[in-house]
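A.B. asks: Each chain is listed here by its residues.
2 protein chains.
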Amino acid sequence: MAQRFVSERNLKFLLYEVFDAECLVRYPYFSDHSRDTFDMVLGTAMKLGEEILYPAFQEMDRKPPEYADGAVRVHPSVKAYMRASGEGGWINAMHPYDAGGQQLPYMVFSACGFIFCAANYSLSVYPVLTAGAAHLIETFGSEELKRAFVKNMHAGKWQGTMALTEPDAGSSLADITTTAEPADGYYRIRGQKIFISAGAHDGVENVVHLMLARIKGAPAGVKGISLFVVPQRRINDDGMLVFNDVTCAGIYHKLGYRGAPITQLAMGDNDDCRGFLVGEANRGLAYMFQMMNEARIDVGLSAAAIASAAYYAALEYAKERPQGRKATEKDPTKPQAPIIEHADVKRMLLFQRSVIEGAFSLILQLARYTDMCRVTDGAERERCELLVDLLTPIAKSYPAEMGIHAVSQGMQCLGGYGYCDEFPLEQYYRDARIHPIHEGTTGIQGMDLLGRKVVMKNGKAMALYFDEVRSTIQSASGDDALSACADELEAALKTLEDVTAHLAGIAMKGEIELFLADATLYLELFGIIAIAWQWLAQARVARKALQGNPSESDSNFYNGKLAAFRFFFAYELPRIAGLARRLRNSDGLTVAMKTEYFED
Amino acid sequence: MAQRFVSERNLKFLLYEVFDAECLVRYPYFSDHSRDTFDMVLGTAMKLGEEILYPAFQEMDRKPPEYADGAVRVHPSVKAYMRASGEGGWINAMHPYDAGGQQLPYMVFSACGFIFCAANYSLSVYPVLTAGAAHLIETFGSEELKRAFVKNMHAGKWQGTMALTEPDAGSSLADITTTAEPADGYYRIRGQKIFISAGAHDGVENVVHLMLARIKGAPAGVKGISLFVVPQRRINDDGMLVFNDVTCAGIYHKLGYRGAPITQLAMGDNDDCRGFLVGEANRGLAYMFQMMNEARIDVGLSAAAIASAAYYAALEYAKERPQGRKATEKDPTKPQAPIIEHADVKRMLLFQRSVIEGAFSLILQLARYTDMCRVTDGAERERCELLVDLLTPIAKSYPAEMGIHAVSQGMQCLGGYGYCDEFPLEQYYRDARIHPIHEGTTGIQGMDLLGRKVVMKNGKAMALYFDEVRSTIQSASGDDALSACADELEAALKTLEDVTAHLAGIAMKGEIELFLADATLYLELFGIIAIAWQWLAQARVARKALQGNPSESDSNFYNGKLAAFRFFFAYELPRIAGLARRLRNSDGLTVAMKTEYFED
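These protein sequence lines are chains E and X, in that order.
Quick note: the first sequence, position 269, residue 269 per our numbering, numbers continuous.
Quick note: the second sequence, position 413, residue 413 per our numbering, numbers continuous.
Be a bit skeptical, because a hint or two may be false.
As the list claims (entries may be wrong) - Cut-off 16 Å, straight-line C-alpha distance, at most; resulting in silico cross-link-like pairs (EDC-like, lysine to aspartate or glutamate):
{"hint": "1", "chain 1": "X", "residue 1": "Lys216", "chain 2": "X", "residue 2": "Glu144"}
{"hint": "2", "chain 1": "E", "residue 1": "Lys334", "chain 2": "X", "residue 2": "Asp421"}
{"hint": "3", "chain 1": "E", "residue 1": "Lys594", "chain 2": "X", "residue 2": "Glu341"}
{"hint": "4", "chain 1": "X", "residue 1": "Lys334", "chain 2": "E", "residue 2": "Glu599"}
{"hint": "5", "chain 1": "X", "residue 1": "Lys457", "chain 2": "X", "residue 2": "Asp389"}
{"hint": "6", "chain 1": "E", "residue 1": "Lys326", "chain 2": "X", "residue 2": "Asp175"}
{"hint": "7", "chain 1": "E", "residue 1": "Lys326", "chain 2": "X", "residue 2": "Glu513"}
{"hint": "8", "chain 1": "X", "residue 1": "Lys326", "chain 2": "E", "residue 2": "Glu513"}
{"hint": "9", "chain 1": "E", "residue 1": "Lys63", "chain 2": "E", "residue 2": "Asp36"}
{"hint": "10", "chain 1": "E", "residue 1": "Lys319", "chain 2": "X", "residue 2": "Asp168"}
{"hint": "11", "chain 1": "X", "residue 1": "Lys223", "chain 2": "E", "residue 2": "Glu205"}
{"hint": "12", "chain 1": "X", "residue 1": "Lys326", "chain 2": "E", "residue 2": "Glu511"}
{"hint": "13", "chain 1": "X", "residue 1": "Lys47", "chain 2": "X", "residue 2": "Glu87"}
{"hint": "14", "chain 1": "X", "residue 1": "Lys319", "chain 2": "E", "residue 2": "Glu599"}
Note that these hints are calculated values from the structure, not bench results.
Quick caveat, the model's predicted, so the values are computed rather than measured.
Full structure from sequences and hints, please.
C.D. replies: See below:
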């Protein structure tokens, strides 16, 4: 049996009790679904997690992809899982029936994604990348492109990728230099890409790159970037797959996340690489942002999921490992206590839980907004879209950054064993560290939040967000057990308003560098408050449930929820005081720091 | 040439300008030394670091120790470095001439240790462990034991270890079960030890374990623990080294720190393991604490040193890597800027520097107290001893915990490359993670600080510590550029006093579990303030130096110091607000948390 990596009880609590996923089935778009179909989908996901994903978790790390002569050999589970994902309809599950999908709510799909990532993050990414790439073609591509590529991608036969980064353009997409020269019905592509996840491997027949490049003569910077489909192998006139002059030049050896090959690609070495324009020329970055935003939320989900797996490994150890005695027990002949009885260990476990369940709740909150976008229009739809836009950098970065600390505390629960590879914590610790880096570093997310999202549409998204949080505060403030925390959240919101106004004042004076200098801290402050909001919402549900005479096991679950909620407000929310203090002090310390002062 | 891993300029700044190491030579004990001999020692350490340690840094990680049939094969550098350490007098450098040492100040030796650990942490531990073990024999052992073991240990021919941990007694030494049965001039040892660093390897002729065991019939708990010398091979009547029935049963495969074998040992499988009692029976734990306290400070030093190496790798990258443009530069045809010009990257670099140089300053502060213990007596000596005792858990845990964050921020500066093994950051990230675990976890350090050190002798050490910090505050408050920070440090001290009094009140009521429940947070709060103290002391020196028309390069150095100082006060010290808020709220949240609430 697989070690436990996720709590189905918690997933269902969030889906049904907090976010009322069932309410969606009242809308025609989701009307074929029901709680039963959702449960069935979750059950299937658990089965996949336990039978295909988790069993390969450790081995894919110990035997990472191998590169030789342009080919990348991956673990056999990749082929099996891509096939299972295709056959099970997972790659296209959220899309409309007429695009071959199942119109599954994003909320339910996110819960499944959480299971997959917790079971084996490296393996989980292959179909997810494919889904994102296929979705780009579906949304912006011509009918011909759709016919040529999407079906095999949805079937799990062809891998999809997101090919952005170049040797001299990582975080700075304005500087990509891959070129596209118009030819007869296609573009001739030349250039290099690096850090392309699953950019070549033998678990599929073909790899389809959704690639950014510049059409010759296009404007400099981001306004001259176009999006192309660049397959590793193209279909020739006889309907055969032939080499398309996309070569894998190597793979990276990484700290973790080792089951997925991160590749370097060279296009057009033989001047025979064909790419196919997606949508209009020079609009590539806007198109790609659709995939990037999905990918960013998915990073947050993955980070929380890895931390979940680490938490359950730590919890199991803490329950079974006897060590030491309570501070009040001085008799050394008494048996040792399981370490879960030590307050400091409980603190570490509650910390993990408060991060993981708070973060995943925020992910589901965004999924709920996304689902509502499909079934509403006009102002309500715009509201949901704006909230997703605003909260995407938080949903990416809070789990990414705090997930590392959660995993680290999980490792700490195991002491020396946590550092050794006979337990899985050390692998989770390595795997988790990718998340603040890929799909836009935490620094980039901070600038996106403060420099773009907070100020967009004159702060409309922010205003909508405050309304959302205040609505939760109001609904909780009638409960005596929650009202103190509701007040604290209101005070935190005021702090956020205050800090935002202070920073906006700097922006108004045109001091843009100073305005953005501590954007990473602003992101952290914003994130802590967003998670406090999610905990208050969960606590309200748990309180109500406890009033309804729950079973003993339900009662334990809800009491655990309330403990994690109180923990977050007692230990985590107070951290905003230090952050706010710094953010209010715009002394320009880092802006003014001269490069030569780093010399000595 | 080795990549840079340490700043000699900073080491000398701290040694000579902040801590006035030269003043020691006025005392007879250190009177053979001078600034010249100190500089020569430092130069030799740099040479060792660059020529022996750093060149093996990566390879020892990639080719970790191999275990087969009871033997452990280590990298050939181990033998070379142990020999060099013995021949160079490093293993015994700090000890008196009559014990074969060089009477080198601990301050100077610490600076050398920092160089060694930064160059190659795994390799650095072999002689350090040997020194600690030999020192235990010298301090508490009989003349016969000294004659039999110490010389070969000081020569680097025999490895020393600290053999405490057992399968069922990690953090709980009260529960060790290894037994010692009196025999003819020795004790017959039976038992198992785990996680013993360098417990067996082929880089030396013999391994000498300083081992805790219970003499048959001894009282239960820590009062029945005795200390033994248990060599892997003993000298027989013919003066030959013969097997002493200590078997290495295996080694651990670890996240990092891979160059040093962490072993499992079995003693007395053939009923022929001889151990030799050190000092008196049942006083073993008190003796061992000498070595543990040294080892704990050494962990802090190592953690800061690894972070130093990571910092210089990140700094070098940041200076050379062009990526993006300033927020104010909208023209994409302009060349990209080196990332060190981005405020967020400067923030990450200053963070690292503020942690590393603040932490190592505290280590040297303790080294200075230790040196003063050798040349003073009476009240002054007691004062220095108490300050070392009080601050040891801080000197261990602050660098251990914050060093991880510093290394992680270094990795973040490199983006995707930081995650790949073509740069050294990923190895530093793995290596650094051991420090909050070994030589007493952070949780143990917190309980040691709050439950033992703060309250010892009616709070005498605390009072002495406050005097020390306030003396620094007073000397800085006359400088207009420092007085605001001096005031902030005074306010922080008041917060610490306040929190301590609150917790002491709980202890007085006998609620010991509640008193200690957040000891880890208390440790963190205490640590941040201690590092702020060290930064204020450094800033005062830098300010004075800048007033004396320094050279351009000195001016850059001192201005960099002031920037890191201001950074610490602006970004790190404010974190105490959130910690204090939690510590003042003794709601017993974790104490009350029931184990069954973790079920779901």
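A.B. asks: Now tell me, hint by hint, if it's right for this structure.
C.D. replies: Status of each hint after checking the structure:
no.	hint	in the structure
1	X:Lys216 with X:Glu144	violated, 24 Å
2	E:Lys334 with X:Asp421	violated, 48 Å
3	E:Lys594 with X:Glu341	holds, 8 Å
4	X:Lys334 with E:Glu599	violated, 26 Å
5	X:Lys457 with X:Asp389	holds, 12 Å
6	E:Lys326 with X:Asp175	holds, 14 Å
7	E:Lys326 with X:Glu513	holds, 7 Å
8	X:Lys326 with E:Glu513	holds, 7 Å
9	E:Lys63 with E:Asp36	violated, 39 Å
10	E:Lys319 with X:Asp168	holds, 15 Å
11	X:Lys223 with E:Glu205	violated, 68 Å
12	X:Lys326 with E:Glu511	holds, 12 Å
13	X:Lys47 with X:Glu87	holds, 15 Å
14	X:Lys319 with E:Glu599	holds, 10 Å
In this structure, the hints that do not hold are numbers 1, 2, 4, 9 and 11, in rising order.
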